[in-house]
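S.K.: From first to last, the protein sequence lines are chains F and A.
With this note's numbering as the guide, the letters of the first sequence map in order to residues 8 to 574.
With this note's numbering as the guide, the letters of the second sequence map in order to residues 976 to 1064.
Hints were generated in silico from the structure; no laboratory data involved.
Ideal Cβ placement from N, Cα and C applies to all residues, glycine included.
Any given hint could be a false lead.
[Stated by the list, open to error] Here are the simulated lysine to aspartate or glutamate pairs, DMTMM-like style, with alpha carbons at most 25 Å apart:
#1 A/1050 <-> F/418
#2 F/489 <-> A/1064
#3 F/502 <-> A/1029
#4 F/374 <-> A/1061
#5 F/489 <-> F/331
#6 A/1050 <-> F/410
#7 A/983 <-> F/331
#8 A/994 <-> F/412
#9 A/982 <-> F/412
#10 F/374 <-> A/987
#11 A/1059 <-> F/145
#12 A/982 <-> F/410
#13 F/505 <-> A/1029
#14 A/982 <-> F/375
#15 A/1050 <-> F/145
#16 A/994 <-> F/410
#17 F/505 <-> A/1061
#18 A/983 <-> F/418
#19 F/489 <-> A/987
#20 F/489 <-> A/1061
#21 A/1021 <-> F/375
#22 F/502 <-> A/1061
#23 A/1059 <-> F/497
#24 F/374 <-> A/1029
[Unchecked claim] Listed next, the stretches of chain A that the computed footprint assigns to chain F, with coverage defined by at least 3 CB atoms under 8 Å from CB atoms of chain F:
#25 988–1000
#26 1006–1013
#27 1016–1022
#28 1034–1048
#29 1051–1064
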Amino acid sequence: MIDGLNPGFILILGALLVPLTSGFIRSLLVLALPVLGFAQMISLGLGSWGVIDMLGLQVVLTHIDPLSRVFGIIFHIAAFAALLYSLHVKDTVQHIATLIYAGSAIGAIFAGDLLTLFVFWEITAVSSVFLIWASRTERAFRSGVRYLIIQVTSGVILLGGIALYVADTGSLAFGPMELGSFATWAFLIAFGIKAAFPLLHNWVQDSYPEATVTGTVVLSAFTTKLAIYALARAFPGTDLLIYIGVVMVIFPVVFATLENDLRRTLAYSMNSQQGFMVIGIGIGTEMALNGVAAHASVSILYTCLLFMCTGAILYRTGTAKATELGSLYKSMPLTAFFAVIGSLVIVAFPLTAAFASKSLILSASLKEGYYFVWLFMLFGAVAVIDNIGLKIPVFGFFRRNAEKDPAPVQDAPAHMLLAMALLTGLAILAGVMPGAFFSLLPYDVSYEVYTASHVVTQLQLILFATLAFALALRLGVYPGLKSAINLDFDWFYRKAGKSLAITTGTLILTVWTAFINLCQRGVAGVISLAVDTHGDGKTMSRTVSSSAAVVAIVALFGVILLVAYQF
Amino acid sequence: MSRNTDKKYWLDQPGATDKVFRVVVLLAILAAIPDILALFDFVYHKHTSTDMEDIPVFYGLYAMISFLALLVVAKTVRPFLTRKEDYYD
């Protein structure tokens, strides 16, 4: 392979060939590119390439270390699976956007310095918005604009941080940092926006459900996990992240419980899972960071898988709203099967990948004595069992619709099912062979996944949560799903901010109009006064004979003479 | 897809959901058994990191309590948050 070429470039440059192809050749091309990228990454091994001196600053185009390699592997897998899932799409824009987006995310993972990171960071923002706009609805367009504003803001803050960081340290090196200077805070906020920190999170739930069937699968894999990688590289062991992470685990699950749109439910739940990773970064021990890398990878597997299942529902029935679905297991049995497996993975059922990955972070928190944090994470684990693990299969596939089951549809197309099977297989494989899975992680940590105690406690957690869910449904206390939306923090900029802007605008307009009116009246007054005095036939414009003027002047001189003589 | 209307599905039978519920109860009880055994130091031994975990069936109880808390919070905030689907349009 080409020596030192960042694997991301293979996907980005390959995307430029897509418009020249069609049909089978295009399918072959888009599937080959992630495979080639993967091969390039493996053939490079570990190290740095493309080191350039620029105005005394060192730019490193490609840098692969054990931490970035884990993310690189899963990003290539996600890109391949997502492209396989979207083979039926005839829209060239979506294929190009997917490839450039995935390629720039991979490029960012393997960026050896802050400037290279920034460039790829911005390309991910600009390329991914086309996956939202590709829905070609008014709503998707507006959502995409909001998404783009927020993503580009993250990039601008990152660039500002880089400028300050270079001024402080004279280096572009991207490594562990101490939170303290303006530069490092800027980095935290830039990464935090993309990681969907609490209050910076709404772009996820706003845009993902508006993207196309395949677009959401692609979107869910890269941006947020790229941010997790950046945080893990820059801020391991930063205490603040633990507390941010706790809020992040708790806050979105309430919304996930109430949400009717299954894709938005998943977006909220994914946000909560991000919280686990942020906590892991905050703890910052080798075990915790292994947990972060592992859970980020597994989270991509099950989130993509479940977005594929809900996407297939949307593709076949035209909706992903729980209230409009019913008994889909009858007509989409295979999709239902994969959704059930995906749910087992997300609830961290033994023998699935999340059982291994989540326990790393939980154990690391116990080991460091963060008992309350651990309790909050357990709460988050229970919430995801109910919000996704049970809600998606029950409300998406198995429950009968209270009014009338929708008309039967066909199961998902073969290539979609293949993509689901691929991710399912990997999620099970990593769970059955945690040793092999852990050998890919950045640090060498011995951890026994399958102890009797661990299996029993996890089964207790899952089965009692299931029991509680079943009881709540039977007793009719489960919050019934409604065709409605739930206000979140984005209300502040979509409603309050908007009306504030409109009110301010109206106020400025009123004041301005009044001011203009006042001025106009003033000018009009001056004019009419002038007309009164100097107008045609008025005092000041009246003409008199020159003899009268001479008499007046002589009289004036006479008075002056008298006065001057007198004194 | 007329075959779907002809085919009989187990879940459509009367009482099927009751059966599912009974299975869930049974499984939950089975998952609790090792903790009961551990009380008598029989076959199974707990490995705990915190005192909380010494409570029998701690994880099961915690799951139930967490779920209850989630439901209460969700139902409490719902009236304040719910709006019509076209609220932002």
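S.K.: Work down the list of hints and note, for each, if the structure agrees.
M.R.: We went through each hint and held it up to the structure:
no. : hint             : in the structure
1   : A/1050 <-> F/418 : violated, 35 Å
2   : F/489 <-> A/1064 : holds, 18 Å
3   : F/502 <-> A/1029 : violated, 49 Å
4   : F/374 <-> A/1061 : violated, 48 Å
5   : F/489 <-> F/331  : holds, 10 Å
6   : A/1050 <-> F/410 : holds, 24 Å
7   : A/983 <-> F/331  : holds, 23 Å
8   : A/994 <-> F/412  : holds, 22 Å
9   : A/982 <-> F/412  : holds, 15 Å
10  : F/374 <-> A/987  : violated, 48 Å
11  : A/1059 <-> F/145 : holds, 18 Å
12  : A/982 <-> F/410  : holds, 21 Å
13  : F/505 <-> A/1029 : violated, 53 Å
14  : A/982 <-> F/375  : violated, 56 Å
15  : A/1050 <-> F/145 : violated, 32 Å
16  : A/994 <-> F/410  : holds, 23 Å
17  : F/505 <-> A/1061 : holds, 16 Å
18  : A/983 <-> F/418  : holds, 18 Å
19  : F/489 <-> A/987  : holds, 24 Å
20  : F/489 <-> A/1061 : holds, 14 Å
21  : A/1021 <-> F/375 : holds, 20 Å
22  : F/502 <-> A/1061 : holds, 13 Å
23  : A/1059 <-> F/497 : holds, 16 Å
24  : F/374 <-> A/1029 : holds, 17 Å
25  : 988–1000         : holds (count 4)
26  : 1006–1013        : holds (count 4)
27  : 1016–1022        : holds (count 4)
28  : 1034–1048        : holds (count 13)
29  : 1051–1064        : holds (count 11)
Consistency with the previously given hints fails for numbers 1, 3, 4, 10, 13, 14 and 15, ordered from lowest to highest.
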